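Enquirer: With the hints as a guide, bring the two chains together.
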Amino acid sequence: MKYVNTSIRKKDAIQLVTGQPVYTEDIAPKNCLVVKLLKSPYANAIIKSIDTSIAEKVPGVVKIVTYKDVSQKRFTLAGQTYPEASPCDRLLLDKHLRYVGDNVAIVAGENEKAVLKALKLIKVEYEVLTPILDPKEAKDNEILIHPEESWFAQCPVGADNKRNLVASGCDEDGDVDRIMSECDVVIERTYKTKAVQQAMMETFRTYTEMDNYGRLKVVSSTQIPFHVRRIVANALGIEKSKVRVVKPRIGGGFGAKQSAISEIYPAIITYLTGRPAMIIFTREESQTISSPRHAMEVTVKIGADKDGRIRVCDMYALSNSGAYGEHGPTTVGLTGHKSMALYSKMEAFRFKYDVVYTNVMSAGAYRGYGATQGIFALESCIDELAEILKIDPIKLRFQNMTREGMLMPAYYGETANACALDRCLEKAKEMSNWDKYYPAKDMGNGKIRAMGAALAMQSSSISNIDIGGMTLKLGDGGFYNMIVGCTDMGTGCDTILAQMVADILDTEIDNISTFGVDTDVSPYDSGSYASSTTYLTGRAAIKCANLMREKIVEVGSGILEKEASECEFDGKFVFESENVENKVSLADIVTKAQSSPVGQLMVTVSEQSTVSPPPFMAGVVEIELDKETGVVEIINFSACVDCGTVINPNLARVQAEGGIVQGIGMALSEDVVYSKEGRDYSNSFMEYKIPSRLDMGEISVEFESSYEPTGPFGAKSIGEIVINTPSPAICNAIYNAVGVRIRELPATPVKIVEGILEKENM
Amino acid sequence: MVVSFKLNGIKREAIVEADTTLYKLLRELGCYSVKCGCETTNCGLCTVIVNNKSVLSCAVLALDVDGAEIETLEGLESEALEFGLCMADEGSEQCGFCNTGFIVNVVMMMRELDEIDRESVKKYLAGNLCRCTGYQGQLRALEKFIERKRGIKI
Ligand code: FES
Ligand code: FES
Chain B
1 MKYVNTSIRK
11 KDAIQLVTGQ
21 PVYTEDIAPK
31 NCLVVKLLKS
41 PYANAIIKSI
51 DTSIAEKVPG
61 VVKIVTYKDV
71 SQKRFTLAGQ
81 TYPEASPCDR
91 LLLDKHLRYV
101 GDNVAIVAGE
111 NEKAVLKALK
121 LIKVEYEVLT
131 PILDPKEAKD
141 NEILIHPEES
151 WFAQCPVGAD
161 NKRNLVASGC
171 DEDGDVDRIM
181 SECDVVIERT
191 YKTKAVQQAM
201 METFRTYTEM
211 DNYGRLKVVS
221 STQIPFHVRR
231 IVANALGIEK
241 SKVRVVKPRI
251 GGGFGAKQSA
261 ISEIYPAIIT
271 YLTGRPAMII
281 FTREESQTIS
291 SPRHAMEVTV
301 KIGADKDGRI
311 RVCDMYALSN
321 SGAYGEHGPT
331 TVGLTGHKSM
341 ALYSKMEAFR
351 FKYDVVYTNV
361 MSAGAYRGYG
371 ATQGIFALES
381 CIDELAEILK
391 IDPIKLRFQN
401 MTREGMLMPA
411 YYGETANACA
421 LDRCLEKAKE
431 MSNWDKYYPA
441 KDMGNGKIRA
451 MGAALAMQSS
461 SISNIDIGGM
471 TLKLGDGGFY
481 NMIVGCTDMG
491 TGCDTILAQM
501 VADILDTEID
511 NISTFGVDTD
521 VSPYDSGSYA
531 SSTTYLTGRA
541 AIKCANLMRE
551 KIVEVGSGIL
561 EKEASECEFD
571 GKFVFESENV
581 ENKVSLADIV
591 TKAQSSPVGQ
601 LMVTVSEQST
611 VSPPPFMAGV
621 VEIELDKETG
631 VVEIINFSAC
641 VDCGTVINPN
651 LARVQAEGGI
661 VQGIGMALSE
671 DVVYSKEGRD
681 YSNSFMEYKI
691 PSRLDMGEIS
701 VEFESSYEPT
711 GPFGAKSIGE
721 IVINTPSPAI
731 CNAIYNAVGV
741 RIRELPATPV
751 KIVEGILEKE
761 NM
Chain U
1001 MVVSFKLNGI
1011 KREAIVEADT
1021 TLYKLLRELG
1031 CYSVKCGCET
1041 TNCGLCTVIV
1051 NNKSVLSCAV
1061 LALDVDGAEI
1071 ETLEGLESEA
1081 LEFGLCMADE
1091 GSEQCGFCNT
1101 GFIVNVVMMM
1111 RELDEIDRES
1121 VKKYLAGNLC
1131 RCTGYQGQLR
1141 ALEKFIERKR
1151 GIKI
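Chains B and U are the protein sequences, given in the same order.
In terms of this note's numbering, the numbers along the first sequence are unbroken and rise by one, the last being 762.
In terms of this note's numbering, the numbers along the second sequence are unbroken and rise by one, the last being 1154.
With the rest of the complex left out, here is chain U (with noise of 0.2 Å):
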């Protein structure tokens, strides 16, 4: 079957099964900052942005996404490099696996929040799991990060 959508700006199509995930999909297409962790929907690893709403691609269709506006890292640049750069100087960047899939999530967070505050930031994005940072210096990345956004200390 061929589906027709948008990713990160550009007019795609492609051939998919019934049952390939838009996570394949994207990687077959070459976006390699979509990561997979669990399968499941629990990790956050898979978040892209799908009509302006962050979803986990494991648990979407690829013939769900014919017609759709499809945003990865690969797509986002100075809105998402911005807040990468945050990780980089609190070294919460760590192995970066978690990385790809919690900065668009950051990133539709803001999209998305008018009011922000330290609860509602980790309630965010509890769903993006990380083994290796402990989360503390993600959460000293977003402080900085939506300080100089939006001049509030969360």
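Extracted from the complex, chain B is given alone in its bound form (with noise of 0.2 Å):
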């Protein structure tokens, strides 16, 4: 049995949909500590004094922290690779509250009602700064986010705490200018995009408790199980060999879970008191105190012949970081470099940007990580020309956009060895009924239905500096142990690794028992994000299950007496190739090996790529729009995606039908709205709308597969790529629909309608 490419059950299927306790909560001990934060009610403010000494006396309260309990050393919240790119802003508590949420203080009782009337009790004395809350007026503004002297920077990313900078930088290939000024049609328009949450079902949550061994032990939900291992030790001013890090099911991630959102405020608590402690976050703590999207106002500058020749383009990205710089220096490189490359025949390229701090929940990750926020801009943008040009906006991409075996001078200099782009545009066209409604046809109704189309690209895993990990393990009788670091969030990557690992091993996928995430116990992953697990740790995979092939067939050929390249192994028995009747059973391999010098078969792997190769998609939508209310209607959303081989179709088709839905949901719905005094309105999925199943039309979603030559049997990756083609392709439906131009998102039915009437005045 070959298992790459087939559609098996996930390993976990059977527990999930029995509902079994294998979440962070249900296997938490029953004596935790309830763990809850006090929160800033001020964008910006200093504490003066706060006094806990009434607080402390409710009955059942255990412990209450405040920013004079805490280690006075700066650290990032950011999931990255040390160094991380992210700036040393965070204290673990700290006298200065940056956004409205900002944790005042910890508290820790024996119950729920004790720490709730206890938060209530703390008397906090606030001297009340002037807030910024629009990133326009950060940069160089004399109010400062950060005017900390312990602020630092670990990495050259153009970060300045004096400045509100998070990062800022230029990257460009080619003589922009001189190219822009040859060009017959140039085009420069400005799209905003929202701080749009992850809304994973399961919030933030962690509980920690001291081992048996008196260490730290942190079970979470989260992404980045050896991050968090360090982010703990750092903000708590301890050893990292005193905290361990421990991954069960988690419910949902989509990057939300890339920041340690959670874990450090029980860790302090456990590691205070010794007692276990758990934190639940609500969802209007999810809303409101969490690591949504960057907001950005992406400009950008194209220009094209009349030929439809894309000759250059010249973007800038504003984004916002808000009161933290969590993940910013990275996100936004996305933007620039993971948009243009989908058209490389341009002879040159600029990218600058700035990331700025203002007085808001600070940003994180979320699937997409930028480049959602510069393809909707650029593909918006791409219609945008096609229109000037007079060129059908699918041929103007035919035209210009990167093909298999070209150079992408912006996407870092690599090579598209892997691309189908084509051949998705050309299979998503043909799903569609673009040849039957595009640009737009009047249904009679009051309603009109009209097409719109998008191109996307990510990448596989961040080169040279993220690390893919696994340990196989051969175990009594023959059975295997996949041991991993990277963290399967509902993506089903123990799973898929599984699927490789078996076909390398010629076993059955049942004899391979999945294990992660522990950081004791498990090789070192930087963990999944970054669209990283089927790629990176997959060739981690392949290169650790070959090892362990040649073991087994090193040990069976011993005990055949023969040398290790007259044998071969066939998953079941290692045999001579001249003479198959001298043979070893695995299981008796491992017997012998089992109770001889040779011991336990195990291999480590760890693996690292120098290059990050992109998925492609594109994405028609269908829409019906009411000239009336300027409700949207998705009719059909066609989608083809080029992941290189698809290891498993079904988790690989409701991956992609998921980041369809979630981009529907940025498209048309999802806000995140603030008052003037920078209260978050959208706390609540009351207020934040997130798409139902009566809001997604009908999904259908095709591959046509490229094969990358150094991917796991010429895998890439898919889990984030997905969410970038709706916004776009709905903004250029719209637009198509009724000629209404949406350049800030959500897309509701109030800018459509506002849109419509501004047109019927000119």
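No incorrect hints appear here.
Estimated spans, in silico, between C-beta atoms of each pair:
1. B:Cys155 x U:Ile1154: 50 to 60 Å
2. U:Gly1151 x B:Glu110: 50 to 60 Å
3. U:Arg1148 x B:Cys155: 52 to 62 Å
4. U:Gly1151 x B:Glu687: 42 to 52 Å
5. B:Asp134 x U:Ile1154: 47 to 57 Å
6. U:Ile1154 x B:Lys120: 43 to 53 Å
7. B:Glu578 x U:Gly1151: 54 to 64 Å
8. B:Glu110 x U:Glu1119: 45 to 55 Å
9. B:Glu112 x U:Lys1011: 25 to 35 Å
10. B:Asn481 x U:Lys1011: 41 to 51 Å
11. B:Glu127 x U:Glu1013: 47 to 57 Å
12. B:Ile238 x U:Ile1154: 48 to 58 Å
Derived from the structure by calculation, the hints contain no laboratory data.
As the structure is a prediction and not an experimental result, all values here were calculated from the model.
Note that CB positions come from ideal geometry on N, CA and C, so glycine has one too.
Expert: Given below as structure tokens:
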């Protein structure tokens, strides 16, 4: 049996669909202290005094921690390989509060009631300062979000706390200004995206306890166990050797859990009291003190010839990192590089960016990680250009798109060794009703059908930085333990990695036991982010399984008293190639090995990549727009993805569909709205509308596979790219329907109706 | 205050406070399949069956279930498992966190709806949010399940 490219069930499927207790809260000890946070009511304030004496007297309250009790060395909550590109600008608790919701104190008690009561009884006197809420006013403002001397940046990303800069820079290739001046047509437009929330169903949560050896055990719903170990040690000012992190099943992450949002609070409580402690974020907290997408304003300037040849692109992104700099310097890079590289025929590009601090919730990592924002801007602008050139937007894309074998200057100079973008667009168009409805058709009942298209790309792991790891152990009777440090958060990596290993070891999928993650046991892995697990941990899997094969043959051939080169392994037996009856079973090999100096057969592999091959995708949407109300209904979303070889078609398809619907939410309804004092109004699922099954129409996904030579079985990635096409495709369709160009997401009915009225009055 | 009720066919008693929600009570009684995603009756994760009706346990007071019959996924066994396996075959269980409330509501839908088509299925289950799957995989699982149970294509 071969497993790669088959839709087998997920390893954890039965446990999940039968509702077994496998998540953080389900497995926590019953005597955990309840941990909650006191939050700042102001967007910018200094604690003048804080008095916890009355709160401490509440029966059941066990511990209250304030800024006076914590380490004064700054760190970042961003889950990134050390030294992190994000600036070290956090303390576990700080005297200076930088957004509404910033943490003032941590309270732990025997029960929720006592803790809630104590929160109300903490007396705080604030010195209220003027906040900066508009990112455009942040750079070089005299108000400083991080005036403190203890702020520091570990990497040269253009960060400067005395200018409110988290990062700043410019990348370019070719003579942008000269080429722009030579172009027949130059178009310049500005687009805005919001700080949308990942809104995974399981909110942030962590429990902590001292383990049998007196070490701090952190059990958390996280994508980054190994980074959490470092971050918790940093926050508490203790040795990393004192911390152990365990990841159970996770109820979704989408990047939110690539920052250590909840871990440090129960950790300090357990560290100070020795008692188990747990924090469960409410949905309100998950919406207001978390790690949403960086809101951005992206200006795109494209130069083209009359015949449709796109020659140059100049982009500027202003990214709002909020109160802290998590993922600020790195997300913005993708905005330029993973959008413009879709059109690699152009002769020159420039990408300038500023990432600024403001007094709103800190942003973080969200599926797409900056590429989503850049692709919304660029793919909207390509349609605007097509209109000026009077060229069909799909034709314009075919004319200019990156194709297999092309050098991609905007994508760090990598070559597109595997690229089926052309086939993807052809297929997506064919799957849709493009020819029937493009650009739009009046349905005669006040509604208009319209089509819109967009392209997307992403990456597969972070080249030259991140690590994928795997350990394989051979056990009694001939079964394998597959131990990983990457984090399956519903994505299915525990299963697809086992599929790869099973094929290489010629064994049944059920003969592989998956384990992940415990930082004391798992091999180091940077974690599940940056679309890395299939590609990078997958590469580790291939290497690891091949080394295991070699070991098995080596030990087996020794038993047969032959050279390894004279023997083969078929998954069950090692046998002599020339005399197949001379054989020894895998079970006997283990028995022999484990009762001789050979011992355990075990292999651990760490893998890094020098390249990050981009997956590609095309998305085509059919909408029906009500001219009266401005309501947009999604009829069909047709998408075609090139993620290289598809390891598990079911899981890849469901990833794609899920990402597309998240993208539809971002395009049409998900909005983060602040009051003028900086209070986040989008604090529940009442206010913050994620799509329900009535909002998505029918989604169809197909695959056009290229073969990535550096990938496991030719695979690239799929996790992130799938969120990138809906917002530009839908806004392009809205334009085709009623001639209203939405340049600021979400495309709400109000904005559409206003646009229609404005046009009528022109 | 003491409430008594039947939970998954077994008589139970519990001491609850005036503001204890059914959600909280059920988890305290070890029904870990019951999840919470929003606290504001918007997500459907906390769905359980009370007196043969779907309810959102985050919005029901424990006091109000005195004398009631409550079913959670733990007690639905084969009725739920058959559909759960359809989800597994589609890979549409994904992170699993929304699955339990969703499956309970599917069980209830099959008990309640005599006539079934694609639209009525979508409508019935509209309150069950999922952030991972985009719903299409769940729909494929429903197609296969309903075809098996009722012999109709939705
Ligand atoms: S937790 Fe009850 S509906 Fe969301
Ligand atoms: S499967 Fe994760 S929320 Fe539905």
